[in-house]
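Protein chains in written order, with the numbering used here: chain A, 59 to 304; chain B, 12 to 333.
If you're looking for bench data, these hints aren't it; they were derived computationally from the structure. These numbers were taken from a predicted model, which means no experiment stands behind them. All C-beta atoms in this analysis are idealised placements derived from N, C-alpha and C, irrespective of residue type, glycine included. Treat the hints with care, as some may be off.
If you only want the chain B side, here are some residues facing chain A, beta carbon under 10 Å, derived [to be verified]:
(1) Ala61
(2) Thr108
(3) Lys198
(4) Gly288
Okay, the calculated bits of chain B under chain A, using three or more residues with CB under 8 Å as the criterion [stated by the list, open to error]:
(5) 111-117
(6) 311-324
Straight line, CA to CA, 25 Å or less: simulated SDA-like cross-link-like pairs of lysine to any residue [to be verified]:
(7) Lys279/A / Asp298/B
(8) Lys279/A / Val169/B
(9) Lys222/B / Leu284/A
(10) Lys195/B / Asp168/A
(11) Lys27/B / Lys65/B
(12) Lys195/B / Ala227/A
(13) Lys119/B / Ser75/B
(14) Lys111/A / Lys74/A
(15) Lys290/B / Pro302/B
(16) Lys195/B / Gly53/B
(17) Lys290/B / Asp168/A
(18) Lys302/A / Gln173/B
(19) Lys60/A / Asn165/A
(20) Lys83/A / Ser133/B
(21) Lys202/A / Ser190/B
(22) Lys74/A / Ile129/B
(23) Lys305/B / Gly88/A
(24) Lys83/A / Tyr135/B
(25) Lys290/B / Thr71/A
(26) Lys283/A / Val291/B
(27) Lys27/B / Thr262/B
(28) Lys87/B / Ile191/A
(29) Lys60/A / Glu206/A
(30) Lys74/A / Asp139/A
(31) Lys202/A / Asn78/B
(32) Lys235/B / Glu300/A
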Amino acid sequence: MKYLVCISKVPDTTTKITFSDNDTKFNESGVQFIVNPYDEWYALVRALELKEKFGGSVTIINVGGADCDPILRKALAIGADDAVRINTNDSDAYNVANQISNFAKENAFDVILTGKETINYNGAQVGGMIAAILDYPYVSQASKLEMEGNTATIDRDIQGGTEVISVDAPFVLSAAKGLAEQRIPNMRGIMAARTKPLKVVEPIDSENLTSVISYSLPAEKGQVKLIDPENTDELVNLLHNEAKVI
Amino acid sequence: MSVLIFADSFNGKIVKSAHEAVSYGSKIAKDKGTDAVVLTYGDIAEAELADLGKNGADKVLHCSSLNQMLPNNLLKLAEEAVASTNADIVIFSFDNTGKTIAPMLSAKLKAGLVPGVIDFPSSYEPFTIKKNVFSGKAFAEYTISTPTKIISLLPNSVPVNQVGAAAAVEAFNPNLADSRISIKEVKAKGGDGQILLAEAELVVSAGRGMKGPENWGIVEEIAKELGAGTACSRPVADIGWRPHHEHVGQTGFAIRPNLYIAIGISGAIQHLAGVNGSKVIVVINKDPEAPFFKAADYGIVGDAFEVLPRLLESVKKFKAAS
Ligand SMILES: Cc1cc2nc3c(=O)[nH]c(=O)nc-3n(C[C@H](O)[C@H](O)[C@H](O)COP(=O)(O)OP(=O)(O)OC[C@H]3O[C@@H](n4cnc5c(N)ncnc54)[C@H](O)[C@@H]3O)c2cc1C
Ligand SMILES: Nc1ncnc2c1ncn2[C@@H]1O[C@H](COP(=O)(O)O)[C@@H](O)[C@H]1O
Numbered sequence: 059m060k061y062l063v064c065i066s067k068v069p070d071t072t073t074k075i076t077f078s079d080n081d082t083k084f085n086e087s088g089v090q091f092i093v094n095p096y097d098e099w100y101a102l103v104r105a106l107e108l109k110e111k112f113g114g115s116v117t118i119i120n121v122g123g124a125d126c127d128p129i130l131r132k133a134l135a136i137g138a139d140d141a142v143r144i145n146t147n148d149s150d151a152y153n154v155a156n157q158i159s160n161f162a163k164e165n166a167f168d169v170i171l172t173g174k175e176t177i178n179y180n181g182a183q184v185g186g187m188i189a190a191i192l193d194y195p196y197v198s199q200a201s202k203l204e205m206e207g208n209t210a211t212i213d214r215d216i217q218g219g220t221e222v223i224s225v226d227a228p229f230v231l232s233a234a235k236g237l238a239e240q241r242i243p244n245m246r247g248i249m250a251a252r253t254k255p256l257k258v259v260e261p262i263d264s265e266n267l268t269s270v271i272s273y274s275l276p277a278e279k280g281q282v283k284l285i286d287p288e289n290t291d292e293l294v295n296l297l298h299n300e301a302k303v304i
Numbered sequence: 012m013s014v015l016i017f018a019d020s021f022n023g024k025i026v027k028s029a030h031e032a033v034s035y036g037s038k039i040a041k042d043k044g045t046d047a048v049v050l051t052y053g054d055i056a057e058a059e060l061a062d063l064g065k066n067g068a069d070k071v072l073h074c075s076s077l078n079q080m081l082p083n084n085l086l087k088l089a090e091e092a093v094a095s096t097n098a099d100i101v102i103f104s105f106d107n108t109g110k111t112i113a114p115m116l117s118a119k120l121k122a123g124l125v126p127g128v129i130d131f132p133s134s135y136e137p138f139t140i141k142k143n144v145f146s147g148k149a150f151a152e153y154t155i156s157t158p159t160k161i162i163s164l165l166p167n168s169v170p171v172n173q174v175g176a177a178a179a180v181e182a183f184n185p186n187l188a189d190s191r192i193s194i195k196e197v198k199a200k201g202g203d204g205q206i207l208l209a210e211a212e213l214v215v216s217a218g219r220g221m222k223g224p225e226n227w228g229i230v231e232e233i234a235k236e237l238g239a240g241t242a243c244s245r246p247v248a249d250i251g252w253r254p255h256h257e258h259v260g261q262t263g264f265a266i267r268p269n270l271y272i273a274i275g276i277s278g279a280i281q282h283l284a285g286v287n288g289s290k291v292i293v294v295i296n297k298d299p300e301a302p303f304f305k306a307a308d309y310g311i312v313g314d315a316f317e318v319l320p321r322l323l324e325s326v327k328k329f330k331a332a333s
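Use the sequences and the hints to build the structure in full.
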């Protein structure tokens, strides 16, 4: 099987979010970037496990600028075979999906994995868009993936439960918690990653369907109202009469 | 032109987030002077469908030939419905189904999608709308530049209308043949009457401060008395004290209930990211320096093992009196 894992660059989860240029840009100064957790912990690791068990290859792909190369090296250190970066701005999900789909079509991958969402834009959309562009079946929010020959058995999270799905490759899957366990790269992996291929590809023409015009932060909370631990009646009273939530 | 709203169901009932989406979509239809048409599928009684009129729907298209969430078939269903209603605004809920189908439809129609919006459009020309970004740590205003616009609405963002009369229900069964995905088994979790976390208006959540899974009984009892859903911090789900579907935060579910009670949770930035959209936050923690107090409306500094039994009694007393 040829696996293609889509990797996005996101700010570290502890980042304090601020904006610049009149609140039109995310302020990257001093921000540490990581591989989106859903892409790294679940999609990439499960693809590697399946490759280790049955053979095949794991290619990672990113749509972005040269600033994404360090996170691609990190994913190579975890074990991916090679990396591709499509050298264009990733501000619109449809554009990202179009670029990835074009590459996937030319290189005939069997399974395309994305994370269920990025932790910066929380779109949960790139995987579904790739599936629609390529006209592949789409299984979203997968928490378990087994392959037998060309056929995959997948657990999918649904409202109030789980569904067990059967689908033949090629297909697109978005990875949720449970699909695999996080892997920490070891020294050998890190050394090997330095010489693994990272190919930079120029983008195809594609339009943007949406754009961000400004950002804002939630209003600061006022001072917390402390209640005597002996007086839980008072808390219930405040929730009913003041906050009016119960 | 029309506004098309995709409404999901669970066990034959239209789900709460779909009632919100229909209320939301019908307000937009009214602003634009067009009809609000609902698209739904599965085994749902006619009366339940007609009832969507109360949320403002003018018409309900019902596909009864499909009763499973099969993404490629549902994509075709949505495409057919957009064509037949001439919809220029399509609305989904930002739940599992909406997260699956809306992006597929967006790419198929080349219609811009803004997923997870939290408010009405601030302008129709250009079409501008607000969504959560950075897992709830910030908001962004997006514009959609294509003639057809798709949005998905974050649950618990708008109230449900109860205004209109019964809606007209029409059978809508286009040919959806696509057998590439099949569902072999459905495993339900929890019993009947379980409150789905994504829909819960009240949530009681606990963290590592509870010391072990055997101490969760009182958390569940308080939740049950209040009619609340239960949630937990990530380490608690990771060590298996609680099921994964209760894990909230940046790498778990993002929720925005009216009330979030956090017990024995420190309030790490990754936890806050998934819950700070909650309207009111109560924190119970024995450490007065716990960062969560900075994000709280009400706080109790105390030992959960002493406070919770008292809180349960107070809630019981309140429920008995109301
Ligand atoms: C990449 C990444 C992603 C993450 N994503 C998430 C996420 O999505 N969700 C999430 O929750 N975390 C997430 N985390 C973990 C997060 O950083 C914290 O470690 C976690 O939220 C802490 O959980 P906790 O508050 O239950 O435990 P602790 O931090 O151990 O806090 C326990 C709290 O309980 C209090 N306490 C102890 N005993 C009592 C008592 N008897 N009565 C009352 N209070 C008591 C303590 O004072 C303390 O404040 C993530 C971390 C990383 C690195
Ligand atoms: N710029 C990108 N390059 C490669 N993959 C991406 C990019 N953006 C998003 N993805 C993939 O799509 C998933 C969902 O992203 P999103 O739709 O932005 O929430 C991510 O988890 C990644 O796997």
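**Request:** Taking the numbered hints from earlier one at a time, note which ones the structure violates and give those numbers from smallest to largest.
**Result:** 1, 14, 17 and 30
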